[in-house]
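S.K.: Sequence:
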Amino acid sequence: MKIAVSGIGIVSSLGIGIEANMTAINRNESGVVPVRKVPFCNADLALRAGLGKRCLYSRTALLGILAVQEALADSGEGKDLRTGLVSGTSVGGMDRTEVFYADYLSNPARGRLRDVVMHDCAASTLAIARHCGIEGYATTISTACSSAANAILAAARLIRCGIADRVVAGGTDALSLFTLGGFGSLMILDKKPCRPFDADRAGLNLGEGAGYIVLQREDTLQKEPYAYFAGGENANDAYHQTASSATGEGCYKAMHDTLRKAGVAASQIDYVNAHGTGTPNNDLSESRALCRLFGDKVPPFSSTKGFTGHTLAAAGGIEAVFSVESLRRGVIYPNLNFSRPMEETGLVPVTERREAPLRYVLSNSLGFGGNCTALLFSKN
Numbered sequence: 001m002k003i004a005v006s007g008i009g010i011v012s013s014l015g016i017g018i019e020a021n022m023t024a025i026n027r028n029e030s031g032v033v034p035v036r037k038v039p040f041c042n043a044d045l046a047l048r049a050g051l052g053k054r055c056l057y058s059r060t061a062l063l064g065i066l067a068v069q070e071a072l073a074d075s076g077e078g079k080d081l082r083t084g085l086v087s088g089t090s091v092g093g094m095d096r097t098e099v100f101y102a103d104y105l106s107n108p109a110r111g112r113l114r115d116v117v118m119h120d121c122a123a124s125t126l127a128i129a130r131h132c133g134i135e136g137y138a139t140t141i142s143t144a145c146s147s148a149a150n151a152i153l154a155a156a157r158l159i160r161c162g163i164a165d166r167v168v169a170g171g172t173d174a175l176s177l178f179t180l181g182g183f184g185s186l187m188i189l190d191k192k193p194c195r196p197f198d199a200d201r202a203g204l205n206l207g208e209g210a211g212y213i214v215l216q217r218e219d220t221l222q223k224e225p226y227a228y229f230a231g232g233e234n235a236n237d238a239y240h241q242t243a244s245s246a247t248g249e250g251c252y253k254a255m256h257d258t259l260r261k262a263g264v265a266a267s268q269i270d271y272v273n274a275h276g277t278g279t280p281n282n283d284l285s286e287s288r289a290l291c292r293l294f295g296d297k298v299p300p301f302s303s304t305k306g307f308t309g310h311t312l313a314a315a316g317g318i319e320a321v322f323s324v325e326s327l328r329r330g331v332i333y334p335n336l337n338f339s340r341p342m343e344e345t346g347l348v349p350v351t352e353r354r355e356a357p358l359r360y361v362l363s364n365s366l367g368f369g370g371n372c373t374a375l376l377f378s379k380n
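In terms of this note's numbering, the sequence shown has 79 at position 79, counting the first letter as 1, and numbering is strictly consecutive.
Read the hints as simulated data drawn from the structure, not as lab findings. Some hints here could point you the wrong way.
[What the hints assert, rightly or not] Here are the simulated lysine-lysine pairs, DSS-like style, with alpha carbons at most 27 Å apart:
#1 Lys297 - Lys192
#2 Lys379 - Lys223
#3 Lys379 - Lys261
#4 Lys297 - Lys253
#5 Lys192 - Lys2
#6 Lys223 - Lys191
#7 Lys2 - Lys253
#8 Lys2 - Lys223
#9 Lys79 - Lys2
#10 Lys379 - Lys253
#11 Lys2 - Lys379
#12 Lys253 - Lys79
[Said to hold, decoys possible] Between beta-carbon pairs, the in silico distance windows are:
#13 Arg329 - Cys41: 27 to 33 Å
#14 Leu113 - Cys161: 37 to 43 Å
#15 Arg54 - Pro193: 35 to 41 Å
#16 Asp120 - Pro34: 55 to 61 Å
#17 Pro341 - Pro34: 27 to 33 Å
Where is the CB? At the ideal position from N, CA and C, for every residue including glycine.
Given these sequences and hints, build the entire structure.
M.R.: Pasting the structure below:
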């Protein structure tokens, strides 16, 4: 059974919608800015989503609604199709919960429970499904930074098993004080723009956003698809709670098994959209995994997190959108802020926008706890 990508939707620091995002990337414009310059407040997002100003949805849900709306509209009419939703998130409704606890801790009589009803990760999925009219199977996946990629794997299984005809899959996450504090305690935040795969990399930049693709059975398509979902695998090396293994075991196994099960040779990969967070541990681990799999013929690769920041559970969805667009447009994205390769591997990512005919694009997402996922998209 062939599974096609029939629609895409995205919200990131580059803008709302695929055209705003691609325009910024084509101009080499990064969306990484100080938090105080975030352009859209929750009321703005709610209005754009067709909700009232007084909407109490979490920011995570609002970002997801906008991206899913775009993906469904892009996919086209689907009244007779069994449509599902698989959404990844890690932050959930923490942005609303923090409002509740600020009041509650000062005075237990002041906290408003309406501010915590969106706390659970599944609440954002339910809000997205209801608002976007998705009545089929809906579920939530939370595996840290590989959440959205795993959501796409789950969506493909739903289609193969005959549970759905098409599934909107990806992830959404919003910035929160909890997230900022957590990554700050790990001492992996960089106050400067992140420098993925650079020898002098010092950490990641946190971002927020949502990215979803519509996976659909080929025989139900009403339009030319963007690309095809050629396969994907998840592997967990269980090396550490937050660090990737020194040998890149989980990342290597996810990529290796993806290619093996898809029947695609390593030499056929034209571009790797790397996880590339900019942290010393992640980039070295992923680099070693790339070297293990491809040997001395590592294909062109880059991280797009210099454009969007690390959007956590949404990263795999946003980068799946970018991977599909890479195939469709024949474009390899630049790895921003790179200047010097790391001594351990000597790998040099693509540093300038490059046009090329692409057949296969591999997208990596690595999560805490060693939860690693690779997705493979093909032109035909």
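S.K.: The structure should be examined with respect to each hint, and the outcome stated for every one.
M.R.: Hint check:
1. Lys297 - Lys192: violated (32 Å)
2. Lys379 - Lys223: holds (15 Å)
3. Lys379 - Lys261: Holds, at roughly 18 Å.
4. Lys297 - Lys253: holds (18 Å)
5. Lys192 - Lys2: It is violated: about 43 Å lies between the C-alpha atoms, which goes past 27 Å.
6. Lys223 - Lys191: Violated. Lysine 223 to lysine 191 sits at ~45 Å, over the 27 Å cutoff.
7. Lys2 - Lys253: Satisfied, since the Cα-Cα distance of roughly 24 Å is no more than 27 Å.
8. Lys2 - Lys223: The hint holds at about 15 Å.
9. Lys79 - Lys2: holds (21 Å)
10. Lys379 - Lys253: holds (24 Å)
11. Lys2 - Lys379: Measuring from Cα to Cα gives roughly 12 Å; hence the hint holds.
12. Lys253 - Lys79: This hinted pair is violated, its Cα atoms lying about 39 Å apart.
13. Arg329 - Cys41: 27 to 33 Å: With Cβ atoms ~32 Å apart, the hint holds.
14. Leu113 - Cys161: 37 to 43 Å: holds (38 Å)
15. Arg54 - Pro193: 35 to 41 Å: holds (36 Å)
16. Asp120 - Pro34: 55 to 61 Å: violated (30 Å)
17. Pro341 - Pro34: 27 to 33 Å: Taking Cβ atoms as reference, proline 341 and proline 34 lie about 29 Å apart, which means the hint holds.
Checked against the numbered hints given earlier, the structure breaks hints 1, 5, 6, 12 and 16 and satisfies all the rest.
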